[in-house]
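Colleague: These protein sequences, in sequence, are chains A and B. 1 is the number of the first residue of the first sequence in our numbering; add one for each residue after it. 1 is the number of the first residue of the second sequence in our numbering; add one for each residue after it.
Please note: incorrect hints may appear among the correct ones.
[As the list claims (entries may be wrong)] Here chain A is said to cover these stretches of chain B; the calculated rule only asks that three of the stretch's residues, wherever they fall, bring their Cβ under 8 Å from a Cβ of chain A:
1. 53-60
2. 88-96
3. 136-143
4. 165-176
5. 235-242
[To be verified] These stretches of chain A come out as covered by chain B in the derived footprint (C-beta under 8 Å, 3 or more residues):
6. 14-22
7. 36-44
Worth flagging that the hints you see were computed from the coordinates, not collected in a lab. Values in this document were obtained by computation on a predicted structure and should not be read as measured data. Don't be surprised by glycine CBs; every beta carbon is placed ideally from N, CA and C.
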Amino acid sequence: MHEAGLMQAVLEIAFAKTHDAGASRIERLKLRVGDLSGVVPEALQFAFEAASPGTAAQGAELQLERVPAECWCERCGLDFRPHDIIYACPRCGEISRQIETGRELELVSLEVS
Amino acid sequence: MCRDCGCSPGSSTTEHAHGHDLAHEHGHAHEHHHQGDSAVHDHPPHAGQGRTLSVERSLLEANDHQAWHNREDFQQKGVFALNLMSSPGAGKTRLLERTLDELSAKLRMAVVVGDLQTDNDARRMQGRGAPVVPITTGTMCHLEANLVHRACHQLDLAALDVLFIENVGNLVCPASFDLGEAARVVLMSVTEGEDKPFKYPPIFKLADVVVLTKLDMAEAAGFDVDLAVKNIRDVAPQAELVQLSARSGVGLDAWYDFILRGVAERKHEVEEQTAAVRQ
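Let the sequences and hints guide you as you build the complete structure.
Modeller: So, in structure tokens, the structure goes:
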């Protein structure tokens with residue numbers, strides 16, 4: 001449950017960026033949240049609703065883009081998206097240790113006015 | 001100069017020679033994967049219309065930045081730092097108590113220990129030949145790199161071989177926060193259920209070593225060790241696996257071996273760095 005702290009980081013970055021752009025209102029925030037980031041999207045949404053009122057982000061839309069885990073198979077070289085918590089290669093069965101995506105936790109963009 | 005407290009992590013020759021700001025990459029853990037939305041650019045304003053600002057910044061950048069400095073500091077001073085993570089009561093403190101007792105003749109060790117409240121764990125580990133620094137996090141469910149950095153002010157890192165960082169008992173949040181450690185240690189005890197890796201995959205998939213603790217209680221707890229081992233290997237194929245009991249002592253040799261190997265690697269790195277500077 002560290003989503004409140006993370007949302008604070010989101011808003012700090014967003015307010016600075018909005019100010020630098022000479023804008024006063026944030027209409028949309030787009031975040032990228034990896035399945036392996038350890039963050040619960042619903043908790044981020046809740047944290048946003050708690051932290052945004054009375055700020056430039058009040059009433060803004062929080063858009064969360066989920067990033068699924070993707071792996072690379074060391075044995076046969078296949079890039080694949082696992083369907084399970086066990087990251088077994090669908091071609092050769094080797095369990096992958098090479099996680100390529102899924103840990104993202106990023107503020108991608110803002111829509112401001 | 002350190003941003004928070006004005007101290008100087010690392011040697012003066014390399015101190016912030018890279019002149020970075022927080023938003024840029026060090027070539028360490030800030031990898032970004034962009035998923036085909038490169039069409040996001042800064043657009044000129046239109047009357048009465050919103051405009052899109054590209055940001056592309058990690059929410060963890062401040063922590064990652066401090067972790068990078070911690071790692072650099074540990075590396076330069078030859079300290080093997082381990083981040084111990086588990087649910088509450090898995091046996092982190094008990095394992096460290098015994099480790100301090102049994103390795104203090106061989107290694108110079110210290111512990112930084114995080115808890116929401118009380119310094120009970122810190123007091124348990126004191127008097128065993130190693131300095132122990134408590135961090136009381138209040139309401140925070142994990143340690144962050146700046147807390148570890150500040151705790152390290154109370155230690156002479158250059159005089160250490162090993163730094164144990166005992167994280168707050170929690171299998172979720174600590175996974176997101178790099179502390180600058182060389183090894184991530186995830187513990188699970190035989191009283192927790194064999195399917196723990198399936199319930200908390202992010203932390204298990206980050207582990208360098210998974211330690212199955214309280215092995216002496218497996219039978220009493222009706223715990224299927226073979227099934228748990230299979231689950232750990234399936235979810236965390238990258239991790240070494242150690243099975244032990246800090247009470248009976250079974251399996252501790254493998255744990256100590258892991259630590260001694262880490263220390264040896266670190267010393268080797270420092271020797272190479274020193275040799276490179278002389279050339």
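Colleague: Examine the segment 136-143 of chain B: at least three residues should have C-beta closer than 8 Å to a C-beta of chain A.
Modeller: Held - the segment 136-143 of chain B has 3 residues with a Cβ nearer than 8 Å to chain A, which meets the minimum of three.
Colleague: Can the segment 235-242 of chain B be counted as covered by chain A under the rule of three residues or more with Cβ-Cβ separation shorter than 8 Å?
Modeller: Three-residue rule met by the segment 235-242 of chain B, so holds; n is 3.
Colleague: Do at least three Cβ atoms from the segment 36-44 of chain A come closer than 8 Å to Cβ atoms of chain B?
Modeller: holds (count 4)
Colleague: Okay, the segment 165-176 of chain B and chain A, do three or more residues pass the C-beta test at under 8 Å?
Modeller: holds (count 4)
Colleague: Would you check chain B against the segment 14-22 of chain A, counting CB to CB pairs closer than 8 Å, and say if three or more residues qualify?
Modeller: Held - the segment 14-22 of chain A has 4 residues with a Cβ nearer than 8 Å to chain B, which meets the minimum of three.
Colleague: When I compare C-beta atoms, does the segment 88-96 of chain B have three or more residues closer than 8 Å to chain A?
Modeller: n = 0 at 8 Å, threshold three: violated.
Colleague: Cut-off 8 Å, C-beta pairs, minimum 3 residues; does the coverage of the segment 53-60 of chain B by chain A stand?
Modeller: As far as the segment 53-60 of chain B goes, the hint holds, because 8 residues have Cβ atoms under 8 Å from chain A.
Violated hints amount to a single one, hint 2; each of the other numbered hints is respected by the structure.
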